[in-house]
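Novice: The listed protein sequences correspond, in order, to chains A and B. Going by the numbering used here, the first sequence wraps up at 403, each residue one higher than the last. Going by the numbering used here, the second sequence wraps up at 450, each residue one higher than the last.
Everything labelled a hint here was simulated from the structure, so no lab data went into it. Warning: the hint list may mix true and false statements.
[As the list claims (entries may be wrong)] Straight-line distance between alpha carbons at most 30 Å, and here's what the computed DSSO-like set of lysine-lysine pairs gives: (1) 213(A) / 439(B); (2) 188(A) / 439(B); (3) 213(A) / 188(A).
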Amino acid sequence: MSALPGPPSPSAVPVSATALEVRSLSVSIGTARIVRDVSWSVSPGQTLGIVGESGSGKSMSVLSAVGLGPGNARVTGDVRLTTSDGTEHDLLGLRGNALRRIRGRRIGFVFQDPATSLNPMLTVERQLTEGPEVHLGLKPREARARAAELLELVGIPDPARRLKAYPHELSGGMRQRVMIAVALACEPEVIIADEATTALDVTIQAQIIDAIRELQERLGTATVWISHDLAVVGGIADEVVVMYGGEVLERAETVRLFQDTVHPYTRGLFASRPHLGQRSDQLLSIPGSPPDPRAIPPGCVFWDRCSVRGDDRCRTQHPELVDLGDGHWVRSFYLPDARPPSAEPATRDQEGER
Amino acid sequence: MRYVLHRLAQSVVVLFGVTVVVFLIVHLVPGDPIRIGMGTRFDPEIYEALRRASGLDRPPLEQYVSYVSKAVSGDLGVSFRSGQPVTHLLVARLPATVSLAVVGILIALLVSFPLGIISAVRNGSAVDSIVRAVSQLGVSLPNFWLGMLLILLFSSTLGWLPPSGYTPITEDPVEWAKRVIMPGITVGVVAGSILTRYVRSSVLETLSMDHVRTADSKGLPRRLVLSRHVVRNALVPVITVTGTQIAAILGGVIVVEVVFAWPGLGLLVYDAVRARDYPLLQGAVLLIAVIFLVVNLIVDLLYAKVDPRIQLGGDP
Numbered sequence: 050m051s052a053l054p055g056p057p058s059p060s061a062v063p064v065s066a067t068a069l070e071v072r073s074l075s076v077s078i079g080t081a082r083i084v085r086d087v088s089w090s091v092s093p094g095q096t097l098g099i100v101g102e103s104g105s106g107k108s109m110s111v112l113s114a115v116g117l118g119p120g121n122a123r124v125t126g127d128v129r130l131t132t133s134d135g136t137e138h139d140l141l142g143l144r145g146n147a148l149r150r151i152r153g154r155r156i157g158f159v160f161q162d163p164a165t166s167l168n169p170m171l172t173v174e175r176q177l178t179e180g181p182e183v184h185l186g187l188k189p190r191e192a193r194a195r196a197a198e199l200l201e202l203v204g205i206p207d208p209a210r211r212l213k214a215y216p217h218e219l220s221g222g223m224r225q226r227v228m229i230a231v232a233l234a235c236e237p238e239v240i241i242a243d244e245a246t247t248a249l250d251v252t253i254q255a256q257i258i259d260a261i262r263e264l265q266e267r268l269g270t271a272t273v274w275i276s277h278d279l280a281v282v283g284g285i286a287d288e289v290v291v292m293y294g295g296e297v298l299e300r301a302e303t304v305r306l307f308q309d310t311v312h313p314y315t316r317g318l319f320a321s322r323p324h325l326g327q328r329s330d331q332l333l334s335i336p337g338s339p340p341d342p343r344a345i346p347p348g349c350v351f352w353d354r355c356s357v358r359g360d361d362r363c364r365t366q367h368p369e370l371v372d373l374g375d376g377h378w379v380r381s382f383y384l385p386d387a388r389p390p391s392a393e394p395a396t397r398d399q400e401g402e403r
Numbered sequence: 135m136r137y138v139l140h141r142l143a144q145s146v147v148v149l150f151g152v153t154v155v156v157f158l159i160v161h162l163v164p165g166d167p168i169r170i171g172m173g174t175r176f177d178p179e180i181y182e183a184l185r186r187a188s189g190l191d192r193p194p195l196e197q198y199v200s201y202v203s204k205a206v207s208g209d210l211g212v213s214f215r216s217g218q219p220v221t222h223l224l225v226a227r228l229p230a231t232v233s234l235a236v237v238g239i240l241i242a243l244l245v246s247f248p249l250g251i252i253s254a255v256r257n258g259s260a261v262d263s264i265v266r267a268v269s270q271l272g273v274s275l276p277n278f279w280l281g282m283l284l285i286l287l288f289s290s291t292l293g294w295l296p297p298s299g300y301t302p303i304t305e306d307p308v309e310w311a312k313r314v315i316m317p318g319i320t321v322g323v324v325a326g327s328i329l330t331r332y333v334r335s336s337v338l339e340t341l342s343m344d345h346v347r348t349a350d351s352k353g354l355p356r357r358l359v360l361s362r363h364v365v366r367n368a369l370v371p372v373i374t375v376t377g378t379q380i381a382a383i384l385g386g387v388i389v390v391e392v393v394f395a396w397p398g399l400g401l402l403v404y405d406a407v408r409a410r411d412y413p414l415l416q417g418a419v420l421l422i423a424v425i426f427l428v429v430n431l432i433v434d435l436l437y438a439k440v441d442p443r444i445q446l447g448g449d450p
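Whenever a hint applies, use it, and build me the whole structure from the sequences.
Specialist: Given below as structure tokens:
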């Protein structure tokens, strides 16, 4: 359950309390090493936020863990799903239809753009009933009744009429509610929300976030919330994983991360958030772009964009993810003086895990 | 309903254009049909009498109006060569062409849809490579040449099928089937190959769409994802292409009918061109154009029916 061998588990929770746990997950396609040694876990009723800019590997790491990544991707590591009855499933060991029996049933998904994520040719009803029909063996009439309940649950008025509608007949926020209903249809243990509010208007965003939080509290679902927006994640997540260039750079409980930001990249993310009264030409950005996954630099992945970039070590040696205590993990050579890193992981740096 | 009316209005405009072109055939073709018809026995008095009788002495616009108003009531004039009403000749030839075209279209559809789907789903496999190579070949084959090859193989060499001729399906279905199979394949191969490629690329495109990932994320069995979320959606854009391919088959029928001595509209057009039988040619071209229009109208209405995003009641 620990992310890395050696140090204790960041959240120090017993195994049975995690719903989904990812250990040392790596994803590569050909020579591109898109995700490297990513570990995280999420417990029932909790929300894990995964933050990073586009190309950081955040979606790829999560989708590959559940078999939704590209077909030609090589995925290594360990992904464990613990269902509510206590059964543990080794997801990377499952193939084809065995994995399909987990997806939809045990893990629900909400994707970014509800305009394209729903099938334009099928009614809302058909898209809501097919999951429960397949996984729970519901008869068409039972599935229809359930679909109406689900629409009501996600706050769609007049469900009977909406069931007959096609996606294009609904507003964007309404479509995303339908998508949430689809995700919840079989009462899964885990919900994965991949940029679930990015394509929506700000007011609708807040509504959707509230809807998911409320349902999560009521149903005790574990949620993995993937977003490029630190503000969105900060508002809902219990723990945050910051990804960059396919690696985890910082990981901490949300409050801790916001109060005690350590990694220069995370600090950059905070600095680049627009503030009230700030003109657009005054917005800060982190110059440069993420590394090419086909040519990962030998040193720190953030080196060429880093504001600290202390010494040659950053360029030539790969920093290890270090536990600062209380489940605050940072991958950097420049750690706060008050809390020097334990010598043990730092000496292993030269090799890195690669 | 507004969409239907809109499409109908469009068809009427196109039909108007067709009648103009068909009418102009006589007037733009070099040479005077009556003079040519009289050949060496030219007599100015008879020539004038014939011109008056056929209305060719009147102003073109008047001739056009008269032609169209007669055509609407089913009178397409009289064939120069046989002296019979053109409408009568066309109606007699229509069943042969329709039966050949239908068989060709069926063959094209039955081959292209399964192959295109399999090829896309197994993208990059050996099956995919074979389908792509064969359909490329099929697109490039001239259909008259394919027809001759088929005759050589199945009639001359193997002696399995009669090389040519036509028996109405109402008279002897078995004999009809034996005779229609080779021209049917000939007509269907090119359209089938083109359709295969369209189906394949449309399915491939659909496979990469977000809503298919959603279907996969629901954990539906692969088979259900393919049938309900991929193939269904992929076939909508193919409907339009199918319409144009049906039109292409109608065009291809002319050549193929000549190769197989199939007494349909195509052979009639061919004979009419050779004999400079302009009224017959006009009538046949007009009829083929009308069939073309009707087929495309049906296809477009079908498209609107299948895709819920096109509202039959709303704005087109």
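Novice: Does each hint hold? Answer for all of them.
Specialist: We went through each hint and held it up to the structure:
1. 213(A) / 439(B): 16 Å, holds
2. 188(A) / 439(B): 28 Å, holds
3. 213(A) / 188(A): 18 Å, holds
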